[in-house]
Structures are given as structure tokens and as C-alpha cells.
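Novice: Once you've looked at the hints, dock chain G against the given chain Y.
Chains Y and G, in that order, give the protein sequences. Per our numbering, residue -12 is the first one in the first sequence, and the count goes up by one each step. Per our numbering, residue 8 is the first one in the second sequence, and the count goes up by one each step.
No lab work stands behind these hints, which were simulated from the structure alone. A few of these clues could be false.
Calculated pairs, EDC-like style, for lysine to aspartate or glutamate (alpha carbon to alpha carbon, straight line, at most 20 Å) [to be verified]: (1) G/K32 <-> G/D14; (2) G/K229 <-> G/E117; (3) G/K132 <-> Y/D208; (4) Y/K61 <-> G/E273; (5) Y/K209 <-> G/D100; (6) Y/K154 <-> Y/D140; (7) Y/K138 <-> Y/E159.
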Amino acid sequence: MSCWQTIQDYGLRSIGIGVNLLPKSDFTLCQQFTLIGSGLIWNVYFGALALALGFVFATSLALAKSARAPLIRKPAEWFIFIFRGSPLFIQFFLAYEALQMLPRAGITLFGLTIETSWTTRAWAGALFVLFLNTAAYAAEIFHGALRSIPKGDLEAADAYGISGWQKFRRIEWPTMLRLAWPAYTNEAIFLFHATTLVFFSSFPAFQQRGDALYYANYFADKTFNPFVPYPIVAFYFICLTLLLTFGFGLVNRYLNRHLPSNQKSRIRLRPQLIR
Amino acid sequence: MFASCADPKSLEGLTWLLCYLTSGKHLDFYWSFLTVLLLLAITAPVALAMGFGGAMAARSAFLPLRLIGKGYTSMVRGVPDIVFFLFFVIALDQAIEWSVHQIRCPDWTEPIRNGLEFRVCPQAKVPLSSSAQIWHQAYGFALAIFTFAIVFGAFAANVLYGAMNAVPRPQLETGEAYGMSQGQVFRRILLPQMWVYALPGLSNLWMILIKATPLLFLLGVKDIVYWARELGGSKTQAYEYPHPDWRLWYFLGLLVFYLLFTRLSELVLGRIGARLSRGQATAAGEAMRKAGA
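Only chain Y is shown next, with the shape it has when bound in the complex (with noise of 0.2 Å):
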């Protein structure tokens, strides 16, 4: 069988596309290279999605916790700690079993029914817990950054009449967002990272389209052979990481694009690790 038929057989294996039986023996360096990379799909899907959700998430709570009334603050401030403070594994975790915890048959609410299954699945809930954990890390260096605004800036603000919804969206949200660019730079990327806990969380993979550690782990355990999968997970993870690096640097140069040469931020990869 050459490469070209196995990448056509399982290169959307993990979202069911595809031959449907794992190849069980004779495995070859094509097979783990595809098969692995279509598991990163998943990784990507839950990355890309628990990123941009948790954006807009983490900037409402990053203005939560800068609230002066402590009715909006307190639960801000305790949001973050919750999520910053638990490890992601435990929260996955507890997230299942809370999950599973709805009525099989749904919950019936003003004469409509919800279905509450589709909760317990990969796709919907460990999303939604990478989703709360982003939004709770992104929250802190949005807040980081809504602090270090220059007060210069707010003042010469107030001076030209700016004030309330304009006053935030020119002055203060670009600010705050070129200020924190840097850290969330690092903050996507181990997001990504942590999307290979998904594989461990509990939630089980459906029809064994599972991520690309799932794929990974496949391999080790059928071959008793760790130094060929892992290492090809390595390798697409720093292609991932690369890929992103790229990207938000751009975005980086947007940002910093009125500034001159020597105050502009520089994107610093910085150790963060399991969360």
C-alpha cells in the first residue's frame, strides 16, 4: 500500500472520515505520520475554538475584576483563582462527573426538551472546560495589562472629552491587547499544549477518533515502541508552535505599528507548562 492510499485512507480518520478499521499490525512510518497528524485536527479544533471563545470571555472578566462594585468583582476575582489555582487535569475531571450528573433523558424546560448527552462528549465538554480555563488565564494578563496602562493615555483621554464605551474601545482595549500580546502569545501556545490532556480526561473518545496523543498512545501500546509515535507528536507540536509564533507575531506588529522602533513589545516564549 503506498503512503499516498494511506493518507487517503486515514487522513480524516479522526473525524470519521475514512477507512474505518486502525491498521493492527505492520505499522508503517506513513501510517503513524498520518494517522497522528489527523488526530491534531482535534487538537487544533479544541485550541482554535477554546482560544477564540475564551477571548472574548477572558476580556469581560479582565474588566470584571478591574469593577470597582465588589457584586461584579468578587466573582471575577474567584472565577480566576478557581481555574488558575486546580490543575486542568482535575477540573476535566470533575467537569465529566458533573456532566454526567444531567438527566440522561434531558432537561424539559418551558415545554421544550434539551438534550443533555451530547454534554458528556469530547467535542462539547472538554472544549467547554478548556474554554472556562483559557478564559480564567487570558482574564489575569488582560488584567495585568488593563493595570500597566499608561496613565498618561487616560488622561489625555479625559482631556479630549473621550469617556465610557468610546474611551475603551480607542484607548483602553488596544492598549490593554498591545501590552498583554506578549504573554498571550505564550498563553495560546500552552493552550495547545494542554490540548493533549484531553486525551486523559476522562472523556472518551468516540469510535476511536481520538486526538493525536490518542493516536500516539495507539502506536506505543501496539509496538511497545515510544521513540517513534511521541517524537512525531513532538515534531508536529513544534510545527504547531511555530505556526503560532508566526501568527501572533503579526498580529504583534499590528498592534505595535504607531510606536517607534525601540518601545516596541517583542514576543519572549516563556515556560508554562501543565496548567
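Specialist: Only chain G this time, still in chain Y's reference frame:
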């Protein structure tokens, strides 16, 4: 544990709960919290030492050593740590068994990697299949500690390398001007001052290390996650203490444990930071000086 718990089926309410929470398995569960603390207590200094070594190597004037140091520090950057955890444990295990095999069974003719199998001679199994259960557990735990130390050592090396470079250059030059040797400058000037720069990174690392401890479970150690799953699962009437699926409550307990632990660490690290900033030429040190004066 208590005499009144002899017949759990007859108990009700609070006494039942008390007996339930002090059953033998629950005591194992409480001990496993100590396992986590033990892992932290061993890993943190070892990782710090490895990080220190890595940072020193990365600063070395000798090229091969510098390459090793740099390679070590950048090793964990692009790759998810989980991959390392999974990879290292198996790789280490196989490496150890392979070397023992070479020593103990030099005339073993069959190939070790035979198709899909990894087979060494029975004398080379680590630990020997005849040894007691406790040794298997200890071996697994040791492998886990080593893996943690390598991965976190790389991160610590990153932080310490940055901190060593952050110490103001004139300070070192002053030392040289007084006629100190390179070693003396390092010991007397660089080393005492670098910690204040390293502390934010190291505290971050400590928090991450705390939050990485549930991964012990993945490495096959019977840690708190293992017991929470074990004890929380629904128990039928065949068990002494039948109950429905309570895993949610057990994980909630773990969550609270971690929250308390990270909060406590934050407070302690804040104090250490204040202590280290005293008399330093940093913004925090300056603020303290002004407040004191």
C-alpha cells in the same frame, strides 16, 4: 478503625459517614496525599539542582557544554510536557532494562526488539518479577520523580539562566575590579543577587509543579487521583459501604486541596519575595527602602 464500625450495614447517618471516612481504603487515600507532598519535596530541589546545572552549562565558555545546556533548556519549549511524561517513563524503563540486560545476560542470543515486543532476559527485569509489590511501586515512583525532575529542571534552567543574565553587569565588573577571580565573582556577587530576579519565574514554576502532580496518576502511581476514582465509583451492596457514584464529591475535595495549596504557596512565596527584595537595586527594593526611611 473504630470498634463501632464492625458492622457498617447497621449504621446510619453521621456514624455511618464517620466509619466510611475512616475505612482502610480511605486511610490509604489520606496517605496518598503524602505521596504527592513527598513527590514535591523531592522533585523541587532535584529540579532546581538540574536547572542550576543546566543554566551553568548554558553559560559555560566551553562550546560543547554550552550546546548541551542550551539544548536542554530549549528541549521542553515547543513540545507538550505530557508527551515528555509519557515518553520518558517508557524510554527510561527500557533503557534501564536494556543496560541491565547487557550486563547480566551477555550470551543472550535472541533479539531484544523482536517485531512488536521488547523482551529482555528474566534476570534483567527491573524490578525482578519475583520481588515484592512494594518494590514495583517504589520503582514506579522513582521513575516518576526522575521524569518530573528532568522536565522541570529544563524549565528551572530557563529561569535561572535569565536571572543570571539579569544581574546588573556593573556589579560583576566591580567585583573584578577588586581583584576577585571568576569563581569568587560568581559565588559572592552573582549568586546572592540572582535569586531576586529568579523568584518570580521560580514561584511560577512551583505553582505549575503543584498543578502537575495529578500526572503521577498517568505514570501509574497510586496517587490521590487514582484513589478518588477508586473510592468514588459506585459501590453495590456487595461492598461494606454501598453508595452511588460519588466521584464528583471526591474530585471536588481534590480541587479544594489544590486551591488551598496554591493559595498557601502564593502567600509564602510573597513573603520570600519581600525578604529577597530587601536592599536590592530593584523597584521593589527601592519601595521598601523608602517605606523604611
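Novice: Now tell me, hint by hint, if it's right for this structure.
Specialist: Status of the hints after comparison with the structure:
About 16 Å separates the Cα atoms of G/K32 and G/D14, which keeps this hinted pair within 20 Å; it holds. Proximity of G/K229 to G/E117 is assessed by CA-CA distance (about 35 Å); at most 20 Å being required, the pair is judged violated. At most 20 Å may separate the alpha-carbon atoms for a hinted pair to count; G/K132 and Y/D208 meet this at roughly 19 Å. The suggested pairing of Y/K61 with G/E273 holds, with an alpha-carbon distance near 19 Å, which does not exceed 20 Å.
Restraint check for Y/K209 and G/D100: satisfied, since their Cα atoms lie roughly 17 Å apart, inside the 20 Å limit. Distance hint between Y/K154 and Y/D140 is fulfilled; the C-alpha atoms sit about 10 Å from each other, no more than 20 Å. Our distance criterion of 20 Å between C-alpha atoms is met by Y/K138 and Y/E159, whose separation comes to about 11 Å.
The structure fails to meet hint 2 from the earlier list, while all remaining hints are met.
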